[in-house]
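Sequence lines, in order, name chains A and B. Residue numbering for the first sequence follows the working numbering, beginning at 1 and increasing consecutively. Residue numbering for the second sequence follows the working numbering, beginning at 404 and increasing consecutively.
Treat the hints as calculated values from the structure; they're not laboratory data. This list has only true hints and no planted wrong ones.
With a Cα cut of at most 20 Å, we get these calculated EDC-like pairs of lysine to aspartate or glutamate: (1) B:K439 <-> A:E256; (2) B:K538 <-> A:E232; (3) A:K403 <-> B:D446.
Covered by chain B, per the in silico footprint, the following chain A stretches (three or more residues, Cβ under 8 Å): (4) 232-238; (5) 264-273; (6) 311-323.
These figures come from a predicted structure and were not determined experimentally. For glycine and all other residues, C-beta sits at the position ideal for the given N, C-alpha and C.
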Amino acid sequence: MSVILDAIKFNHNTASHHTDALTIRRNRYDDINVPEWQNGISVRPEDSPAAYSILQTRGHRITIEAKFHTTGPVLSTARIRAIDPAILRGWLGWIVRIIYFFRRFIYGNVLGEIKVKGVTFNITGHTGFVTFELIRPKIARAGTGVYNIKWQWQYRKSGSGRWHNMQLSKHRIYVIPETPKEAWNQIPGSDHLPWTEVLDYSCAWARGAKTRDEAATKITEHVYALGNSVIEYDCPGGGSTHYCYSSVFDCTKFIERMKGGTGNGQYVNCTDIATVVTTFSNILGCELWNSRMSGPLGFLLNPILAIGSSAWQTACGWGAFSYHEVAWKNNCDVNDELFDACLQVDGDSDPTAAPHTGLLPTNIKFGDCSGPLLYRLRLSPPVAGGCTDCIPDPGSKRRRTVK
Amino acid sequence: MADTNDINKWKGDSTKNLFIWKYFMKGYELEGWRLKEIRPWEDIKTERVVQYYWESKTDKEEQVKIDIIECHSWDHAQQQLMELLKQHMHTRLAMAGTKEIRVGDTAFIGAGDEPQHLLFARANMVTVLNSVGKKRVAVAKTALQLDNLFYDKPRPQVTGVTPVIERFSIERQERKIKEQNTARVIIGASDPLQGPLWYKLVSKRGEMISENDNLYVLLTRGEPDQLTVYVTSENGNAAEKTIDW
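With the rest of the complex left out, here is chain B (with noise of 0.2 Å):
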């Protein structure tokens, strides 16, 4: 198989100090978008992959199938980036930028000037966009906002519950994952409408992993380092809280 995307190229460009966790879409996320169907695979186990599909509230017709891949870490969601860019036929997929498409850490994209295939890797995240329906659209506006989900911080809620944050700290004792010094994070946070939550993570220079349902930070020795955790609710409300540790 050709490996012709060169990854050492772009891998250098990851957010590393970001990490999205147990992520899911509820349908207010994209602006003029219904959410249809919800397909989890939860036949793989190496990553967490759930498929969206959006329906325009203007024209049924247009439709937008997104992927998102929730990896263990930054390095394993370029990786997996990678994998999917071997499942290209083509030879060589153009990357984002030379369209002038600015989304994610890297992006790449199927042929046109307004291409209907994107794929991208945030942080931990790698996200797939494709139109599906029977009119073609255009996907990069709908990655970017997805991107700005990841990237951003939250912004402050007028209205509707908020998450509330129990507790937010790192375990003292050290563990070792994949030969890394991690220490776990303890996060507590519910929902007082008893909805689900997903979790984005900002370290000020730090990473962090996820194993086994756990959330770790890798120790770096030197200066200390600061944590904040953003708790969203399915209503797109957020919580936030930061420990320096």
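Just chain A, with the same shape it has in the complex (with noise of 0.2 Å):
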């Protein structure tokens, strides 16, 4: 006789993700089906994916619900659990206890272990779905990430007999900092439910991050760093998007790009850049916009560093921007914060001329004419045709849905 693990539920409620798992979906195309673990047929980490988030988990007991059956003589009640298999137990364990700890502090199962819980058979040998909590979860410790998870699942027939081990079930866990934000959400069946495609790049870029403006400026960071190898500022199409149409941004294509296919190309602009960073950034949770910055005939530049660029330049060569798009908070107005991926601005007491210091524009105010050096003087020269010219237009804003 022996008890076996028939499935597990991770977002078993889909009205609420405070006591529960989000709701989220694999890409544009593949739903993710609840159960998210089944018996036989979830082998890898990432074929059981569940995401939670750190905000409205915090101070509620997270559940989660299994199910399972016996073999053999029908046993009637059985007492089970979930223990962390990289935990020893014992003398020995103990010692490997203490180093791994440390290693465990970081790297270790997020969702900690489940507790012990009574679960009753029917005459065919089967439970329902059971509600089992789990203990001792680190989710707001780890903070964002992705994490492989693993469980050795045990059973025992009596509360004192031995554990005797059932299967070993493996998921993959997203740690994000808040519920996402549009264009993602939590109607389920919505193609604009999280997808796990985007959350592993969000979750790995934004590792640790504990707010969101520290999530936004690690992904600001990371695809500006795209530039060296993946994308690159399209000098040779004028400056063109190549990822976006109107409302819409090609998701799939930018992460096949970024998987190492040929996606919409290498080239981008600050429209499909500033729409990257909103996008992966507002799963999330974070609240960034797309808006733009123009003039009645563009406005003029000081040098900056486009991205995949190696050369300080007025972008391109070409002297001005017909208009600049950004990941910018709230109103998108001159005393709101941007995020900036597609260069990098002169960070020194001059940006108008060399030397210069790059600076990757992360959460700084968009700023005026007169007062101090922030994004806007160092991007568009205090002359005519220059910042004046770099107007906010908060009419502009925008999230793009994704396809």
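Dock the two chains into a complex; use the hints.
What follows is the structure, encoded as structure tokens:
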């Protein structure tokens, strides 16, 4: 006689994400079925994904649901738990455990273990889905990240009997600072449920972040770093968008590009990059917008270091931008902070001339043309056709849907 | 946003008496190239946008992405081209004619002697071409091939099955669409092989628009007009019919 784990539900209540996992999907085309783990089907961690929000789960008792059946002579009840198999027990275990503790603090099982619970089998030897409580989850302490976890499921027939091993289940757990924001949603069936294909990047890029600003800053840094190999500012095409059309972002093609495929090619412009920052940050709960700055005839530029470029110049040598688009906070206006992964501005006391000190704009106020050196004066010089023509356009603020 | 590309300079050059309807590519259109992927943008409702990914038959690292934007009218196409130009951060994209590239009613190009980025409007169609592979390729020649598909009379086929035009007429009842007097064009055509069809309509002097999956001619008082339809199947074979009205 033995007990078999049949299935595990992480997202067992789609109406809430305080005590269970968020509702997610793999990509535009593929759903994630609940139960997320199924015996014989879920083999690798990525076969059983679940996502949790730090803010929304804080102070709540997190639960999962699991169901079982018995083989051989029918058992009426059993006590079941799941432990972190990496934790050795016994005296040897204690030594290893001390060493492991520090490693686990960083890499360990972010969902902790499963508290012992008694289950009852029906006359056919099956249970329904039974709610189990997580013990010692480390969601908040671990911070944003992608964590592959294992649980060794065990049962015993009575309260004091020996524990018998059942299956070892493997899961991929995404931890994000807050519930995803637009264009992502939590509407069951929507193709804008958070995609694990995006979470794979966002959570890895923003690893350890515990606040939205921290996450958006890390995302901006990593997107700009793609410029070394994956993407490059579109000088040959006049700074054209390649991954957006109107209000839609071709996230699928951008991911394809990051995975080493062609995607829509290597060239990008500021609209593409701002949309990537907004989309990949908002899935972590940030509240960024895409918004533009422009002037009647464009605006002059200081020397900048465009994404993928190693030369400080005024955007491909054009001297001016017809418009520029960034990931922006709140009202997307003069006093609001922005994130720009499309370019580095000169961060020293004279951004109009060499030498240049690279500054990637993260969480920096847009600013005005007479005040301190903020984003606006670093991007555009204080001359006619420059800073005063680099005007925020909050009316352009939007969040693009993903395809 | 800078509006430095003066639409009035080139709006008059539009091919107003040509209309492409329900256009699609199937792979035979560009010699030396293989159609790798088709991506329709269903979320865009204001125009029909489909992206086609082509790969060179001789070198897989040469790839071209072609965005075909089918608009409701030539005027809509010109506006759409204008919108696309505004999505360029360069304040003024060069007109293709400056590099002796003659394509479409109006065309713009990216930098360099052999541009890898080109966008053009022809009648109600806007086309954007980009070299997207590891190896850079000039796109002007491909643009010209495409433009010819839109603009030229289809060649008479020598082999294969031809579409059948069962009905082709203009409704007598006038309709007001966007404050213009129009009459609906009735086309009944089929492919004996059950494949999809696309339509090219050429009027002697009139204009055409589409709305809600219907096609209309603009009514102009005066001389009689002539309307020709070319119906093309997925193998590139076309049938033709002309009516006077």
